[in-house]
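Student: Listed here are the chains, written in short residue letters.
Number of protein chains: 2
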Amino acid sequence: MPAARPPSDGGTRDRIRDAAVLRFARSGFDASVRAVAADAGVSAALVIHHFGSKDALHRACDEHVLAWIVASKRHNMGRATGGQLLQVLAESDEYAPLLGYVMRSLQSGGDVARAFVQHMIDDARVYVREAVADGIAKPSVDEDARARYLTLSALGTLSLSLTLDPPDDPENFSATLRTFLAEQYLPMIEMFAQGFLTSRRMLDDYLLYLSDPPTGGEPDDAPATATTSEEP
Amino acid sequence: MPAARPPSDGGTRDRIRDAAVLRFARSGFDASVRAVAADAGVSAALVIHHFGSKDALHRACDEHVLAWIVASKRHNMGRATGGQLLQVLAESDEYAPLLGYVMRSLQSGGDVARAFVQHMIDDARVYVREAVADGIAKPSVDEDARARYLTLSALGTLSLSLTLDPPDDPENFSATLRTFLAEQYLPMIEMFAQGFLTSRRMLDDYLLYLSDPPTGGEPDDAPATATTSEEP
DNA sequence: GCACCGACTGAACGCGTGTTTAGTCTGTTG
DNA sequence: CAACAGACTAAACACGCGTTCAGTCGGTGC
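So the sequences go chain by chain: U and A.
Those letters in the first sequence? Residues 120 to 351, per our numbering, in order.
Those letters in the second sequence? Residues 120 to 351, per our numbering, in order.
If you're looking for bench data, these hints aren't it; they were derived computationally from the structure.
Note that the structure is predicted; figures quoted are calculated from it, not measured.
Honestly, I wouldn't trust all of these hints.
Said to hold, decoys possible - Listed below are the simulated BS3-like cross-link pairs for lysine-lysine, each with C-alpha atoms no more than 30 Å apart in a straight line: (1) K173(A) to K173(U); (2) K257(A) to K192(A); (3) K173(U) to K192(U); (4) K257(A) to K257(U).
Stated by the list, open to error - A few chain U positions that, by computed beta-carbon distances, are all more than 10 Å from chain A: (5) A154; (6) N195; (7) S278; (8) Q303; (9) P333.
From the three backbone atoms N, C-alpha and C, an ideal C-beta is built for every residue, glycine too.
All chains, full assembly: derive it from the sequences and hints.
Tutor: The structure is reproduced here in structure tokens:
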């Protein structure tokens, strides 16, 4: 007979899954089944009974978090521009632990990481296109590549920053994100606003180089009359 | 009696350490002591005999890789600009596995990761300062923050990219890095050359906001007379 | 010769892991 | 009531791990 636990709160299986998401976010995916079980207030055997194996539990957590990502994106659509999406999500204390799970996945790879990043890239593509149409952002030679780079860069910088000095309180993702932005927002926006180089020369040289590759097949547009440019 | 192994090549301890660096780079730091021992052609007990514990072996690998970083930086100084440092290092097949080790550390955190990143930041500071002095790069409001951001951004993007789709052959870092650059070089240099936004407005607004914070203590320079700017 | 020492090994120990087993309890269904 | 089903657990199992133990080898100093 279990002691001081609500006899039927909303499905023991879900409670175990939620506890697992939280524990994985806190301690990484090496956390033991027994630790998850203890968090959920059940025995380790019951975890296996409900999910079959630890791997299957991991997959169930992935699916749950992934479903949440899709749902919350649909809900928050239009409420924030691309750059502030994470911030808006993190503000909600309810969803913060789920973002912790996503950050863990980002460090470990796997399907959630890929799917999450792909969603972010798709969003970025939309936001960037709108920004270009509104005259806020400069156009790019390859919009898809830029959206991908911007996303990988933002998430990679955040992930590496968190890995290098882990936050004191991984639970409160909102505070963690604020700390990160307080450090990186200035150089980031400076880069966005004015770039880094004083001239377009390097870019133009590389574009020329692309249109006249030194080896392999020919490109798909320019007739390529210029060489790799050596005059000033 | 050991069978077909050179009786004295250069110290068994060093051979074990080198094997460990390689194995950790390939399989991560969860690789077992027995696996390292098998790679080195010795027994697991001998590994412990020489290093005391697996943790100590890990630390020895860290120190070795760290020492290599310092030495090779000293050697390669001036041979490459900041952005191409990694590329130059990766070209040398001899050092490629060590870079694999560094990338693993970047994903796992710890002292090597911090020290490596700090070295890269220090280098970036120098290179950026020279670039600004030569008129190649635009000056920044906070040069240190920019050097830090540029480094974290570059390494974070690379690390995340490698985590999301791990290379087929983690051994030769050179090919891996070429693949990465082939995908990301264009949007990267585009960002460096022209930035992203069409106007400095967001940056200037943020600078004004910094000089007149809405709460807490006052800043250290401007007398802060402007509000948070709402006119065009 | 003989004692000593460090390199080195195979076998074992202790522990934590994921998983299985056997069984108890509770609610439902005939 | 009897029979079944599923939630749930304590105990055990099998395994891989880092580490320890007891002992063998080969070289060196006396």
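Student: A separate judgement is required for each hint: does it hold in the structure or not?
Tutor: Hints, one by one, checked against the model:
Of the supplied pair hints, the one linking K173(A) and K173(U) holds, its CA atoms being roughly 26 Å apart against a limit of 30 Å. Of the pairs offered as hints, the one joining K257(A) and K192(A) holds, with about 26 Å between alpha carbons and a cut-off of 30 Å not exceeded. Between K173(U) and K192(U) the CA atoms are separated by roughly 28 Å; this keeps the pair inside 30 Å, and the hint holds. For the hint pairing K257(A) with K257(U), the CA-to-CA distance comes to about 18 Å; that is within 30 Å, so the pair holds.
Distance check on A154(U): its Cβ is at least 17 Å (rounded) from any Cβ of chain A, clearing the 10 Å threshold; non-interface status holds. In this structure N195(U) is separated from chain A by more than 10 Å, as the shortest Cβ-Cβ distance comes to about 22 Å. Not every CB of chain A lies more than 10 Å from the CB of S278(U), the least distance being 6 Å, so the non-interface label is violated. The claim that Q303(U) is not at the interface with chain A is violated, since a C-beta of that chain comes within 10 Å of its own (minimum 6 Å).
The beta carbon of P333(U) is kept farther than 10 Å from every beta carbon of chain A, the shortest such distance being approximately 14 Å.
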